[in-house]
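Engineer: Each residue of the sequence shown is one higher than the one before, starting from 1 at the first, in the numbering used here.
Treat the hints with care, as some may be off.
Keeping only pairs whose Cα atoms sit at most 16 Å apart, straight-line, the calculated EDC-like set for lysine to aspartate or glutamate is [what the hints assert, rightly or not]: (1) K229 x D242; (2) K526 x D470; (3) K319 x E337; (4) K543 x E337; (5) K553 x D384; (6) K550 x E437; (7) K547 x E446; (8) K518 x E500; (9) K282 x E307; (10) K487 x D470; (11) K518 x D483; (12) K282 x E241; (13) K249 x E269; (14) K477 x E515; (15) K543 x E515; (16) K512 x D470; (17) K540 x E515; (18) K388 x D230; (19) K249 x E350; (20) K487 x E509; (21) K565 x E269; (22) K565 x E428.
It should be emphasised that the hints constitute simulated quantities derived from the structure, not laboratory data.
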Amino acid sequence: MSKQASDHKETVDSLNLDNQTQPKDAALSFQKINTTTSLGDDVLHAVQKNVMEFQVKHTSKNTDKEGITALYVRLSQEDTLNGESNSISNQKKILDHYCREQNYTLTRHYVDDGYSGTTFDRPAFQEMLAHIKTGKINRVIVKDMSRFGRDYLQVGMFTDILFPNFDVHFIAINDGVDSTKEDNEFTAIRNIFNEMHARDTSKKIRATWQSKGRSGEKLSTNAPYGYLKDPTNKKNWIVDEDAAAVVQKIFSLCMDGLGPTQIARWLRERTILCPSAYFRAKGIKYPATPPANPYQWSTETVSTMLERVEYLGHTVNFKTRKTSYKTKRFIYTDPSEWKIFEHTHPAIIEEPVFLIVQNIRRSRRRPNRYGDMGLFSGLLFCADCGGKMYLCRASGFKKGQEYSICSTYRKDRSLCGKTHSIRTVVLEELVLNNLREALHYVSAYENGFIQEVSNIRLSEKEKELSKMRDTLLQTEKRIVELDLIFKRLYEDHISGKLSEQRFIHLSGEYEKEQETLKASCHTLHKELKEHEKKKTNVGKFVKIARKYTKLEKLDTAILREFIDKILVSAKDHQTKTQEITIVYNFIGAFDFNRAIHQTKNENKHTKVDVV
């Protein structure tokens, strides 16, 4: 037997011997491997070859195919102030020259003209992004990082995450940024400086905007529907008679009792162009894209128009504001923050009509299950609980049987103990007679009526203001007292007179009270300010009354012109009477029947017989 065979036999015998020393049911054992020999070239080459084949097989991008080199160009409105350096043409020249030097032949320009760098919702940029994700682009080149964007977080997301994921080569020529090189340590800092520039520019623009708005200059880019920009002075508005007629009709329909949804349907049925389609037809730029159906008026459009103070001839600034300079999203501001400049352009809607429509909008009218709305829908309220009164009727009801009842009483009798109901025919007759008395009295004694209402309202207003001022004074006084209590509690706690547990409990209770009082104080200040601004405009009521010489019957338009609300009291079963209070627009509650009798008696006593 040769030596080699002998060695092999010894090895086998040793293995067999080892196996004999282990239990028969032993698990597989680890075999030591001799690592003393060096790695051979043939093994290394074999591994390298297999790894290369695996990478080629599993690479998502075909490296043999030359993709598009995207040349991205951007210019905002603010950049135009910096001269030619950032112009579209100059950026293109720089990018084209660089591509010729680097021998990049398959190029394409993506241009966003007039778009801010703080947003990435730009048409050309989004198109380029879509092409990157589909593998059409393998290189993006910009003049400098500011052209790509001015939001350093977003810029970093694209250049450090998205582009590497899609194997896109990114270059910013003037900033020396090249994603294939490892010398871009200052890129992140440069992006922050670009965002600081955008923030600083935004502050300057906002300051200019605020200055213009406070001086009375119109801030709206577009004139509202019903107006056009004056060709001789773009800052002024002139009436667009065709659109203004539609606006007036919309307000008229609202006065007749139609809601925004019904008005929108009325406009659609008569094929009247909606605002965006109307402006497009006249060749006027308008931000909203017209719908597929140019007559598709929306409920929201009608609702917005019914609340536009601009139709009174006033300029209203600061109705909206942006949440951040990085976004185009606007939010509506509180009306108390608005800046209103009166009589800056011709009015389309009269103020009394506008105010009545606002009252109608506040008391929304809803159709009943039969699809119609009662004559007094939205006007009736319970005199005791303040709840709305709803019309009750049934298919078997005869004329004169339908009635209105307090909604609170109907839901839960414990919340409104007495029955508050009234038949429609009774209410209609009562209100009609009252309105006839009002028209007669205003016509016969106009000057005396104006003086009397003014005196009554002034007296009531002073009482309300005095009460509110007293409440506000007491609230502010208690807030100051609580500050002193806090101070004493803290001193007692530090000195050991008050335990920590007791201190935490008491200070927590007082702090809650103070927070509640501060909120109440803020509300009172606001209400007091609004109350002091309110004026009883008797003249507006007189102006409406002059329109009518005789009332034959009631309709929705007449009711809305004259009446703000009607308060219905419970029936007195002993006297079998029921008190109804009519609160008129502009003058409040006024007893015209009493005023007529009083005036007649005064005239009777002052009458002198002539012999």
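Engineer: Hint by hint, note whether the structure agrees.
Structural biologist: Each hint, compared with the structure:
1. K229 x D242: Within the cut-off at roughly 15 Å; holds.
2. K526 x D470: 15 Å, holds
3. K319 x E337: Roughly 8 Å separates the two Cα atoms, so the pair holds.
4. K543 x E337: Status violated; Cα separation ~31 Å.
5. K553 x D384: Answer violated: K553 to D384 is near 29 Å, above 16 Å.
6. K550 x E437: 11 Å, holds
7. K547 x E446: Status holds; Cα separation ~14 Å.
8. K518 x E500: This hinted pair is violated, its Cα atoms lying about 26 Å apart.
9. K282 x E307: 25 Å, violated
10. K487 x D470: With a Cα-Cα distance of about 26 Å, the restraint between K487 and D470 is violated, given a limit of 16 Å.
11. K518 x D483: Distance ~12 Å between K518 and D483 Cα, so the pair holds.
12. K282 x E241: At roughly 13 Å apart (the allowed maximum being 16 Å), E241 and K282 satisfy the hint.
13. K249 x E269: Roughly 14 Å separates the two Cα atoms, so the pair holds.
14. K477 x E515: 14 Å, holds
15. K543 x E515: 47 Å, violated
16. K512 x D470: 22 Å, violated
17. K540 x E515: Given pair K540, E515 is violated - Cα atoms ~42 Å apart, limit 16 Å.
18. K388 x D230: Violated - the C-alpha atoms of D230 and K388 are around 47 Å apart, more than 16 Å.
19. K249 x E350: 13 Å, holds
20. K487 x E509: 14 Å, holds
21. K565 x E269: Measuring from Cα to Cα gives roughly 32 Å; hence the hint is violated.
22. K565 x E428: With a Cα-Cα distance of about 14 Å, the restraint between K565 and E428 holds, given a limit of 16 Å.
Figure legend: structure checked against the earlier numbered hints; hints not met, in rising order: 4, 5, 8, 9, 10, 15, 16, 17, 18 and 21.
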